[in-house]
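Single-letter residue listing:
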Amino acid sequence: MNAEHSELLKEFTAEEVATLDEIIARHKGTPGGLIPVLEEAQVALGYLPASVQKRVAKGLNLPVSRVYGVVTFYSFFTMTPRGRHTIRVCLGTACYVRGGKALAEAIKKEVGISEGETTEDRRFTFESVRCLGACGLGPVVVINDDVHGRMKPSKLTEVLDLYS
Amino acid sequence: MALVKLTIDDKQVVVEEGTTILEAAKTIGVKIPSLCACPEINHFPGACRVCMTEVSGQRSLIASCVFPVFEGMIVKTNTERVRMARKMVVELLLANHPAECNYCVRNGSCELQKVAEAVGLKRVRFDIPDFPEKDMIDHSSPSIVRDDRKCINCHRCITVCESVQTVSVLTPSFRGSKVRVVPSFDLPLIESNCIACGQCIMACPVGALYEKDEVEDVWKAIHDPTKHVVVQEAPAIRAALGEEFGLPAGTLVTGKMISALRQLGFDKVFDTNFSADLTIIEEGNELLKRVKEGGKLPMITSCSPGWIKFCEHFYPDLLDHLSTCKSPQQMFGALAKTYYAQTAGIDPKDIVSVSIMPCTAKKFESARPEMNSSGYRDVDIVLTTRELARMIKEAGIDFLNLPEGNYDAPMGEYTGAGTIFGATGGVMEAALRTVYAVVTGENLPSLDITPVRGLEGVKEATVKVGALGEVKVAVAHGLGNARKVMDQIREGKTDYAFIEIMCCPGGCVGGGGEPIPTDNEIRRLRAGALYMDDSQVQNKRQSHENPSITKLYDNFLKEPLGHKSHELLHTHYEQRGEDIPHRA
Ligand code: SF4
Ligand code: SF4
Ligand code: SF4
Ligand code: FES
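Here the protein sequences come in this chain order: A and B.
Counting from 23, one number per residue, gives the positions in the first sequence under this note's numbering.
Counting from 547, one number per residue, gives the positions in the second sequence under this note's numbering.
Rather than coming from a laboratory, the hints here were simulated on the basis of the structure.
One or more of the hints may lead you astray.
Unchecked claim - Within a straight-line C-alpha distance of at most 20 Å, the following computed SDA-like cross-link-like pairs (lysine to any residue) qualify:
1. B:Lys-724 - A:Lys-177
2. A:Lys-80 - B:Glu-708
3. B:Lys-939 - B:Pro-949
4. A:Lys-80 - B:Lys-842
5. A:Lys-80 - B:Asp-1033
6. A:Lys-131 - A:Lys-177
7. A:Lys-80 - B:Gly-1026
8. A:Lys-80 - B:Tyr-861
9. B:Lys-724 - A:Thr-102
10. B:Lys-724 - A:Val-151
11. A:Lys-80 - B:Asp-673
12. A:Lys-80 - B:Asp-1125
13. A:Lys-80 - B:Gly-1123
14. B:Lys-724 - A:Gly-91
15. B:Lys-842 - B:Asp-866
16. B:Lys-724 - A:Glu-137
17. A:Lys-80 - B:Lys-724
Note that the coordinates shown come from a computational prediction; the quantities given were computed from them, not determined experimentally.
Produce the complete structure using the sequences and hints provided.
Here it is, written out as C-alpha cells:
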C-alpha cells in the first residue's frame, strides 16, 4: 500500500488522491463500474498514469491488465499529463500543400517534442489534426481555441510567446 | 434441450439449440476452417473471420464459430463467395506477417500454416513489410519469448492467462491497426507478474509465443571435453516425447528416451523420478512433523514452480503453508553436484547439470538465486520436451528405431510413486502411500487412490491413516482451481491436512513445455501412460522402497529432514505481492 501510495503522491496532491479514492469507492461493487471510474478520474486528475490505474484496479478488484486495456482502447483517456496549452497543427490536404508539414516540423523543433507529447514543463501539448474547415486560411495552427491562419515558421516564436 | 433442424450444404442436420454452425457442420463431416476460436478454453472471439459461411437471408457472410443455428436455417459452406472470402482473410493475415515458416519454432505445428492450406491459398499479392525484430521480440523472461511480429491477435493467450490461470498478465492494448497484445503498461514480461507457466504458448496458434530456447547451451556443454554433463528427465517427458516423432499420445517411451539422451552425448542419464521418490520421503516426513508438532496446516506441495511464483504474488500471506521441500528438479540438481560428485570423484565445478522438463517455469526456477546450495547452481540448463525433440531431430537420431536403454546409477532408479508425479494427484497419491506405511508400518490396503486421479478441477479424499485418524486431502490443478482452494484457506474454512497444487491443467503432462497440441484428451492419455508405468512396468510402487534412496540416506543424507537435507533439499520463498513495478 505504501509504496503504491508514494508513487501516486509523486504525481498528485493528497486531495487529488482522496478524490480518486472517493470515485473508486462510489463505484465499487457495481458491474461495469470501470469505465465510469476512469472517466471521472480522467476529469478530476487530467490523466491516468500507471499509478492511478493500479489504484483503480486494486480498488475495484480487477486485474490491472484489464484497466490498462480499457485506458488504451478509448482515445478519451490519456496516460500522460496534458500541457496548459494545446497546439494543433492542421495536416488536412489544403494546409498540407500550403506548408503545413514544414510548419509541423518547425513546431517540433521549437517546443522540442513530437506529436502527441507534452513538454517537460507541461506548457504545451502538441497534436496534429486533419482539416479544421478553415482551408482558406491555410496553413492553420490552433492554440487552445485561437485560430492562427497563414502561419509561417518564422512567425512561430512570436505566436507561442503569447502562451505562457 | 430443444432440437433445431437446419440444412447445411443441402444436407438435413438436427442439432441441439445453441449449437454453432461450425459445430453443426462437423456432425455431417464438413470441416469449416477456423483460427481464433479455441473450444478447449471456451474462447470464441469471432475475430479472424476465417470460418465464414453463407446463410440464407443474411446479406454478409457469417462467422460460423460464433453464430448459433436456428430452425430452418440454410447454410452453404462451400460457395465461390465463401472460398474467395476465406482466402482473402488468410491472405491479409499473411500480408502482415513475417514470411519465416522455414525456420519458425512452430513450423509444422502452426495453425496459420494449416489454415492457409485448408483454404487453398496460393499467393500473397501484397508486399510484406519489414518487421523490426529489436522492438517486437520480448526476450526478457527466462522462460517465455513473445514475438509480436507473428501475433495474429486471436487473444487466446489472454483468455488462458486470465480465465484458466487467473494471472491476467496480458491484455489487448490500443485499437484498430495499432492493437497489440502486451503485459500491462507494455512492460517486458520479466517485470510483469507472469508466473512463466507457458499455458499461453500452448494456446497460441502461431509462433508468437514460445519457450526460451537453450539447446545451443546444451550442445556447447556436451562438446566441451572438460565438462561432465548429466541429465535428468521429469516423469511427464516419457509420456509425451513420442508424440514429437509421430507416436500416438499416451505412448510410454522411457527406454527410447534414455537411448536418445545417451546418443546425444550426455555422460550420465539419470532420472527426476529418482528425486521425486526422494521428495516423497522428505515431504512425507515434513507433513508428519507438522501434524505432530502443531506446525502450519494444511501443508501444500511445492513441486510446481509456476504455482510457487503464483503463491508468492497472490497469496504472500500464506507462504508458510508451502512445504519447504525443493522441487524434484532442484533436489536432483543439488545432489548431482554433491552426492554424485563425491561418489564419482568429479569436481562439481566441472559438472553441467541439465534437466528435461515439461515446463517453462522450470527455467525460471533453476535461475532463482537461492537454488545453488552446493555452492554451484543446482541445475544449469533446463530444456522443455519440445527442445529435446528438436535436439534429437537435429542430431539425426532415428528415434522410433532406438533400442530400449537403461538408467545410470546412482540417481536413476525409481518407483511407480515417482513416475505418477507427472499427473495431477500423483504427488498426493505417492505421499499417502509412504505416509501410511511410515505411520502404520503396513501398506495401504490398495495402493491406487483413485479419488485424487483424473481431470476434475479440485479433488478431495479422506484416508484413514492408523493413529493419525482420518486425513483429509485436496488436489487442485490449474491456477484458477488453486485460487478456489487458497481462498478457502485464507478464510479459515478448510480442514485439509495436505494439499497438492499443480500450476498446469492436468499437472505436468499438461505443462507449458509439452508437445503441441495438448488438449484434455491428450492430457488424459499421457497421464494414463504414467499410471501404466506405475502399475505395470515398475515392480516397486512406493518411494520408501527405492533401494537407491535407501542408499542415499545411508551413505550421505543420514536421515530425512536432517542437517544435510536442510542444507541441500529445502528452500524458502519470497513475498512478491501483486503489485508490478512502476516505470516512469
Ligand atoms: S507463425 Fe506460422 S505462419 Fe508464421 S512464420 Fe511461424 S510457421 Fe510460418
Ligand atoms: S506464462 Fe502463464 S502467467 Fe505468463 S503470460 Fe503466459 S499464461 Fe500468463
Ligand atoms: S500471442 Fe498468440 S495467442 Fe496471443 S493473441 Fe497473439 S497469436 Fe493469439
Ligand atoms: S474462427 Fe471463427 S472468427 Fe475466428
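Going down the list of hints, with the structure as the test:
{"no.": "1", "hint": "B:Lys-724 - A:Lys-177", "result": "violated, 35 Å"}
{"no.": "2", "hint": "A:Lys-80 - B:Glu-708", "result": "holds, 16 Å"}
{"no.": "3", "hint": "B:Lys-939 - B:Pro-949", "result": "holds, 17 Å"}
{"no.": "4", "hint": "A:Lys-80 - B:Lys-842", "result": "violated, 29 Å"}
{"no.": "5", "hint": "A:Lys-80 - B:Asp-1033", "result": "holds, 17 Å"}
{"no.": "6", "hint": "A:Lys-131 - A:Lys-177", "result": "holds, 14 Å"}
{"no.": "7", "hint": "A:Lys-80 - B:Gly-1026", "result": "holds, 19 Å"}
{"no.": "8", "hint": "A:Lys-80 - B:Tyr-861", "result": "holds, 15 Å"}
{"no.": "9", "hint": "B:Lys-724 - A:Thr-102", "result": "holds, 18 Å"}
{"no.": "10", "hint": "B:Lys-724 - A:Val-151", "result": "holds, 18 Å"}
{"no.": "11", "hint": "A:Lys-80 - B:Asp-673", "result": "violated, 45 Å"}
{"no.": "12", "hint": "A:Lys-80 - B:Asp-1125", "result": "holds, 9 Å"}
{"no.": "13", "hint": "A:Lys-80 - B:Gly-1123", "result": "holds, 12 Å"}
{"no.": "14", "hint": "B:Lys-724 - A:Gly-91", "result": "holds, 13 Å"}
{"no.": "15", "hint": "B:Lys-842 - B:Asp-866", "result": "holds, 7 Å"}
{"no.": "16", "hint": "B:Lys-724 - A:Glu-137", "result": "holds, 16 Å"}
{"no.": "17", "hint": "A:Lys-80 - B:Lys-724", "result": "violated, 27 Å"}
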